[in-house]
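Start from the sequences, fold in the hints, and give me the full structure.
Numbering follows this note's numbering, in which position 404 of the sequence shown is assigned residue number 404; successive positions increment by one, without gaps.
No lab work stands behind these hints, which were simulated from the structure alone. Just so you know, these numbers come straight off a predicted model, no measurement behind them. Just to be clear, a hint being listed does not mean it is correct.
[To be verified] Here are the computed lysine-lysine pairs in the DSS-like style, where the Cα-Cα straight-line distance is at most 27 Å: (1) K263 to K47; (2) K69 to K378; (3) K418 to K444; (4) K49 to K82; (5) K418 to K69; (6) K69 to K82; (7) K444 to K49; (8) K82 to K444; (9) K82 to K263; (10) K47 to K394; (11) K49 to K418; (12) K47 to K378; (13) K444 to K378; (14) K82 to K418; (15) K69 to K47; (16) K394 to K49; (17) K82 to K394; (18) K47 to K418; (19) K263 to K69.
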Amino acid sequence: MNQASWGHGLPISRREAMRRGFSAAAGLLLADRHGAGAPASAPPPAKAKAVIQIWMWGGPSHLDTFDPKPAAGYDYCGPLNKPIPTNADGIVIGELLPLLAQQADKYSIIRSMTHGINAHETAAYMVQTGRKPGERLVFPGVGAVVSLFRGYSAGYIGLIPPYVVLTQLQGRFSEAGFLGNRYKPFATGGDPAQARFAVEGVVAQGITDQRQQDRRELLDRLNTLGRAVKNDAALKEFDRAGKEAYELILGDAGKVFDLSQEKDDLRERYGRNTFGQSCLVARRLVERGVPYVTINYQGWDTHRQHFQAMRQRLPQMDRGMATLLQDLSDRGLLDSTIVWWTGEFGRTPRVQWESPWNGGRGHYGPVFSAVLAGGGFKGGRVVGASDERGEEVKDRPVYPGDLIGSLYEQLGINPEAKLPNPEGADLQVAPAAAEGITLAGRLKEIM
Numbered sequence: 001m002n003q004a005s006w007g008h009g010l011p012i013s014r015r016e017a018m019r020r021g022f023s024a025a026a027g028l029l030l031a032d033r034h035g036a037g038a039p040a041s042a043p044p045p046a047k048a049k050a051v052i053q054i055w056m057w058g059g060p061s062h063l064d065t066f067d068p069k070p071a072a073g074y075d076y077c078g079p080l081n082k083p084i085p086t087n088a089d090g091i092v093i094g095e096l097l098p099l100l101a102q103q104a105d106k107y108s109i110i111r112s113m114t115h116g117i118n119a120h121e122t123a124a125y126m127v128q129t130g131r132k133p134g135e136r137l138v139f140p141g142v143g144a145v146v147s148l149f150r151g152y153s154a155g156y157i158g159l160i161p162p163y164v165v166l167t168q169l170q171g172r173f174s175e176a177g178f179l180g181n182r183y184k185p186f187a188t189g190g191d192p193a194q195a196r197f198a199v200e201g202v203v204a205q206g207i208t209d210q211r212q213q214d215r216r217e218l219l220d221r222l223n224t225l226g227r228a229v230k231n232d233a234a235l236k237e238f239d240r241a242g243k244e245a246y247e248l249i250l251g252d253a254g255k256v257f258d259l260s261q262e263k264d265d266l267r268e269r270y271g272r273n274t275f276g277q278s279c280l281v282a283r284r285l286v287e288r289g290v291p292y293v294t295i296n297y298q299g300w301d302t303h304r305q306h307f308q309a310m311r312q313r314l315p316q317m318d319r320g321m322a323t324l325l326q327d328l329s330d331r332g333l334l335d336s337t338i339v340w341w342t343g344e345f346g347r348t349p350r351v352q353w354e355s356p357w358n359g360g361r362g363h364y365g366p367v368f369s370a371v372l373a374g375g376g377f378k379g380g381r382v383v384g385a386s387d388e389r390g391e392e393v394k395d396r397p398v399y400p401g402d403l404i405g406s407l408y409e410q411l412g413i414n415p416e417a418k419l420p421n422p423e424g425a426d427l428q429v430a431p432a433a434a435e436g437i438t439l440a441g442r443l444k445e446i447m
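Shown next, in the form of structure tokens:
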């Protein structure tokens, strides 16, 4: 999908600006501070201030996670046929998620997500925008919309951009869509599980803070023009932006990415792996006021040897996500932070035992699961149901637009507010039936 260019979008992304160095970073900060504001709307009362989106890149199996079907038999469950009870009455989940089983009172499971799309790109677009793929306009994802309504135009003043991705962009579609580059996420790059989290444009591998400070002092000494022309408004603004950029690199703002400030026992509880440490960074970001953080969690496109992969990946997910929920709760942040777990689709309920798959699961969009916690969403509930084999929606279908509209409501963003677009079309923030989109109603059961 090609992204349209429109409005106040910059010619480069935040990621590229950071890569190009000090001057581009300064310009980026200027553009973000002085860009156009979000359209006026009458928002509902906000219950949430931030979202941590755990994006299961590739599509997780609903049967092996939050919608187990032990009675379906070996061809559907494989060796994972012993689901476990949770601390929420009547709710069982996959056997490899014992820590999340202890946190079920904090989240609700949607077992009837559906869109029927089996291709990564189009399914990812549908789940993250709620809109049908292949239309003339490329709509923005939820993160970009939150950045529009809850970013700088809404009083956000942090030096960290309001929409952060840990650690890589998906590359499936343009997250900002027609809103343009101004609303693209800042992708950190790097790996928070390494000794030093090398965030692009903030932490340079192999360069100490002292060397960065020495470079800054050298730039100041070489800035003869700035000292000679003291009253030039443009130079003053450039100097101010430069100071902010270096504050991000050397000051307190950039320290949000420094996990050495956390206690070792907490880091161990999250798990010393990329996902676990990304969950910890996400908590630190929302604690600093960043309104939208996506963790792009790779490795779930398990066409081959699915169960071997699950025995490695599900315990990592269990540890990191369960600790995130508990940590947010302990710090009084869960009430104001939505944790949204999902992928672009589920995986085929019937296991593909034959060669070359050797026990794999394919793409599956007819029914899959999502999890919502915090930010005003009730815990310990199940919404909807799949059939006895997890192949079809049995009760209460939930479409991506239903979930997305519910997120906006909890964030105090009016789902019916006008969404600015390059064609001046009469579009609202949340997907609407008038656009030809199938909807079944917002998640009032858990709101």
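Now the hints, each set against the structure:
no.: 1; hint: K263 to K47; in the structure: violated (30 Å)
no.: 2; hint: K69 to K378; in the structure: holds (24 Å)
no.: 3; hint: K418 to K444; in the structure: holds (23 Å)
no.: 4; hint: K49 to K82; in the structure: violated (38 Å)
no.: 5; hint: K418 to K69; in the structure: violated (42 Å)
no.: 6; hint: K69 to K82; in the structure: holds (9 Å)
no.: 7; hint: K444 to K49; in the structure: holds (19 Å)
no.: 8; hint: K82 to K444; in the structure: violated (31 Å)
no.: 9; hint: K82 to K263; in the structure: violated (35 Å)
no.: 10; hint: K47 to K394; in the structure: violated (31 Å)
no.: 11; hint: K49 to K418; in the structure: holds (21 Å)
no.: 12; hint: K47 to K378; in the structure: holds (12 Å)
no.: 13; hint: K444 to K378; in the structure: holds (10 Å)
no.: 14; hint: K82 to K418; in the structure: violated (48 Å)
no.: 15; hint: K69 to K47; in the structure: violated (34 Å)
no.: 16; hint: K394 to K49; in the structure: violated (34 Å)
no.: 17; hint: K82 to K394; in the structure: holds (22 Å)
no.: 18; hint: K47 to K418; in the structure: holds (21 Å)
no.: 19; hint: K263 to K69; in the structure: violated (39 Å)
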